[in-house]
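Chains Y and R are the protein sequences, given in the same order. Heads up: the first sequence begins at 981 in the numbering used here, then just goes up one per residue. Heads up: the second sequence begins at 638 in the numbering used here, then just goes up one per residue.
Calculated directly from the structure, the hints in this document are not laboratory data. Owing to the predicted nature of the structure, the values given are computational and were not obtained by experimental measurement. Even glycine gets a Cβ: it sits at the ideal position worked out from N, Cα and C. The hints are all genuine.
Reference listing, derived: stretches of chain R covered by chain Y, where coverage requires no fewer than 3 residues with Cβ under 8 angstroms from a Cβ of chain Y:
| id | segment |
| --- | --- |
| 1 | 1248-1254 |
| 2 | 1279-1290 |
| 3 | 1348-1357 |
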Amino acid sequence: MDITTSIEDGIAHVTLAGSLNTNTATDLEQALEPLFADASRIVFDFTDLEYISSAGLRVLMVAYKQLGDIEVSGASEEVREVFDITGFSDLFSVR
Amino acid sequence: MNRTARAAEAVQRFAAARPRAYATAAFFGSALLYFIVLEAFLNVDVLNGETQVRPASGMSPVLGLFFGWPGIFGCAIANTISDVIHETTNPAQLAIYTCIQIVYNAVPYVIWYAARRRSEFPYPRLDTVAKIGAYLVLSVIDALVITALLMPLEEDVMQALNIHAVRALNNAIFLVYVGMPLLVVLERSPLMPLAFRSVMERAPYDHRPRMNLTQRLLVGTTFLFVIVLAVFIFAGYSSYFVDGSISTPQDLAEIISSIYIMTSISTVCLYVPIIVILRHLETHYTRPLEVLTDASREFVAQVARSQETGTPISATQLDDKGLKLKHEMADLFSATDAMRADIVRYVEELGAVMAERERTAAELDIAARIQNGAVPHDFASFVERYNLDVAAVLDPAREVGGDFYDVFDAGEHRVGFVIADVSGKGVPAALFMMRALAEIKEQMLANEDVGAAFTAANQRLCEHNDAMLFVTAFACVLDVSTGQLTYANAGHNPPWLRHATSHQWLPCRPGLVMGALDVATYRSAAIELQPGDGLFLYTDGVTEAMDCNERLFGNDRLEDALFEVSGTGAAGAVEHVRARVDEFAADAPQADDITMLSFVWSLPVRSLALPPDDRALDDLFAFLDDVCAEAGCSKRAQFTMRLVLEELFVNVAHYGFPEGHPRRSVHVETAVEANAGCVHVSLSDEGIPYDPLSYEPEKVEAGKDNKIGGLGILLSKEMTERMAYERADGKNVVHLVFKIEA
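Looking at chain R on its own, in the form it has when it is part of the complex:
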């Protein structure tokens, strides 16, 4: 919005708020302007007297036309004041002249609004040929009216006839050359015209930011004519002043009147063709362009409304408002019509597409919720029942994805964990994911062996897999009574083993992806987990997360992240890795589903360090008695624990540290798994490598040379629920599980 438009708005607000003040300002403004111009010319002798050149008479009807009664009366009063100053006529005469002046000023205003009061925009804006024509006709009528009204007041009619003619011409010409430009200037200014109240209420004034073509041509041509007129008048006066051929004022008056006549003739000659040309332009170009502009605006608004409310676009056909279209305009209109029809069709199609997309989005939203609901989120019961700290995150790249995990009870004291990644993304992957989730879980519940479960699940997934989708999966079952973890892999990333002392990738056979080959078989492997150990499972969305430079997150960063949280619980590990991945990816969009599942077998552990010496045996017994009392072990269980630990400890003390081998402490750790009714004990020493399970002891028999040495091992093997050995970090570690209710 430019400055003029802002000023126009301010003026309109002022006029609306204080109409009396605006009318008063219009009254005094008109009066002052009229008075200044009138006095300026009255005080120049050569322009007054016989010649009576009065441009001000072209102004007062225009000020009246624009400002209404304030303008009409303002100019009339100013004229009367001027008369009082110059002619000192008697009051009666003054009153008559004032009345005549009021009529002169009021004629264009009254006739204009009388004729145009019903039109859409009744104000005097000369933007059509019809209005310009009306103004010119009004000018002539007004000039004749005042001449006729003044005629009876002149004493010598015959002698004054010439004066009347001059006066009529003077008024008419100045109404054209001064009044018309003044009207244009007023209309272009921020000022607001005043009309009859009913008119203003019906059609509020609207300031237009630009002149239209007709207005511009009118201003241009009128400007040219004014110059021509000025040249004529200048020529007339110069002949009076300069070449001396004319000397008396009467002669000057003659010249001036001939100038008026010539000017009138040339004005008619000039304006008639201009009007014809303007008329042609308006009919065939200006008006059609305006109609087209308005129609296009309305069309755009209608399209916007239609998109907002969903109603169809009603007027598709371009309304030509009865214009006679020819040549280029006809082409333009038909082209626009075709374009509008196309747009309407596109908008309708787009609406249908958008509706379809919204429906799909709503469905996907529900699908995402169903998928999210298919995997467990609340792991509190695993902590309560098995001291298993479990945490997981499933974050599809799109609404739905092909990744999944599962945690479930797989028999007595057995907890199953699955993580899997279906090839592809989005809806196809999600559908296959739901199938794979169900199949794998079902088979893991049906088969104790994970490998066998995978083999069966693979066969089922290969059936009717025409889309050739496949799934990588890793599953394991943790027996919380023994700590034994059996697992199988079907082409999935090996998980990270979160061991109390060491951290490493779980050694896995790679295995074939599921759903690809129905004869594939899977074999399970097993390791012993200790209380405090855990596993971190993930999909390749983690390691293949990309940053802005398309670098991958990679195994090394994952390893680093996992090392940073080696001591923390499952949730800590998952959250930390997620944070590291987010930090790495920064603003890069997530390309693949990110899924993580972690668990920690978090039994409270008691530990004892002993010197490798028989004399420490009593301390060991005391410690074990404490543990048994706390766990509520049976007499037999207590006996068994004492026996097995004594045998193993004494073995280590006697044979673990040959001469020269540093005699370091032996560590005993115990954890009670009350729900499974088990006590986990580990015995670790830094002696020479020795696997007690590698020894195959035999019973003693009568008549045989019985070796007594292996009986301790025999007892240990027979009396424990489970016994496992590992050599790690230069230590012999024996894991033992005892039943509380033995």
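Chain Y extracted, bound-state conformation:
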């Protein structure tokens, strides 16, 4: 999985490409951790995210608990369905 991060005006932009599963979730966790100190909001670009499992959701939840403001954009239909089922759609602002 490819993870690209950047911070601009206290808003972190994270772009994920590929598959976010049990094995790759830790990579994301490690990539997000340094952002929590400087950013108050994370905007995820899921345009190229093909797959997400509950391990990925756990990392997103950790981020949500840290910052309380998560935005997700470009999520595919399947990923949106996962968010709907799990209730994440209500926590994040999904666009």
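Start from chain Y and add chain R according to the hints.
Just chain R now, kept in the frame of chain Y:
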């Protein structure tokens, strides 16, 4: 057939094939026999000369009578040869004597056939008093004829008168005592008599195997008389040789002539009462018995013919052929008549019963075909459409039976199976069976729930069931898109579950039989079938098949038989159990209908073994991608499968094997049911027992302390078409069904 009868047949065949050879043999045979006897007595002085004792003269007319012209001429020639040897007379005299001899030999033959040529059996068989009488009269006539013919040739008529009388008596007596026994012997021998050609063509000779009563009495009495005659002659001769009172041949001749006279008188005295007695016996016993025997034979033949051709028996009344019936015979005839009338009536009734039975058999045959046609036999479409391997056998103990099975489409991707057994056997059971078959199928098509269908079908079957027949039934519906099998039981034997790993009787509520109580309700149960699983349904005709010692086949033998074919298809299981039952029952007759129905859900299965480790996840994904590519899964379906399998696999890898629990491989199996648009996946592990469905996960919500752990289960539950869990053989098995076009 005895030896004489076989010989007689051989002789008749020979005579028919080569009549000239037979006639020649008869000619020489007669000549030789006559010559030997004639010469034997001519060469004994005391029997010749003045006394002229000539038994041979009793033989030649009989040989003539029996063998016809060959016998007549044979004996005449033999006599001439004898004359040439002994008397050396001139040729003219020889010719005259030969002619006289021919006349003597021919008289009985010619007169006999002239008188009897029109009769049914013209041959000289002395089996009636009339024929015996005719023979005796012919003997006397013949003796007088030859005496009269020879008279002009004697020089001194007065002196020879005594000789003539002696000659007449000699001939007559020997015709009775030598000729008659000879005739009987010839008639009893295999030899065939020869008569005029027209006679033989009209009435072919028939050798009779036994003598009748008249013949036996004739032979017996004649034998007695011969002994008496022999004693007389012996007494006469002994007085000549022994006591010396008689010394000259003239005296001897006197004695002999007196013996002849005495013998003649006693013969008349003996034969007249015998003839009277025989006549009485014949009229009242012998003849009626013969008539009765012939009539009975003819009657039996007629009955046989009538049964063969179906024509009615024409002559029911016994034809007494104008006999005067008295005493016991009258009773016997009337009793026989009554018996024949009874037999005719029985035969007619039997014919009617047989016709009725044939009609019933023909109807039953058609009924059997209709019944057999009411259940499906060709299951090819189930294999093509649902990968369902189905086989069945329906074998009624009689022409028709009360067992049935059915396999049918019960909605989309749903296949219904029914097996049932109506109480009783034969036609009543078959009629109720047709009703039950229709009702159960109709209700199963109308109701999705098998239990509800049974409840409705039972109500319908209870209506107008005055004969109180009932039916045990088991039915199930397999949803081939999910593998879910719902079933209900109405008092039937539980089927055998042919599971990939375990085999057992399907746990069933017994349920009440249908048709007994209209308020009975039935509830359905359900299990999950996996690709490769199947069911074996049967009726009690299988488990209650009996051997010669009346032992039952029983559940244990059935279980053994099913274990022996655990890996095979439906047809293999049905055929094997049938073979085992036949082997067990051997020659014992089949007492009950034998019905079996088996199906196997035979989807091709792909499998993968993984170590319980997160790092194996990529292998799992690769495997699932392969399956999806092959099945043509949509993007979403592929996503869902990956997600659900990852969640469950990771769960097992993380929590399934606590410290000390052996970490064994996790198995994934997939089967694609393309027609129903489904992929079946099972995930099995040997970890600690854990049912993911027992967990009730909740969605995450804002402002709540959200537990993250249950989301995987939540996703799995929500995103699969079906999800089921079972713990079997120390394994956790989760069955999953995904839609291909999700």
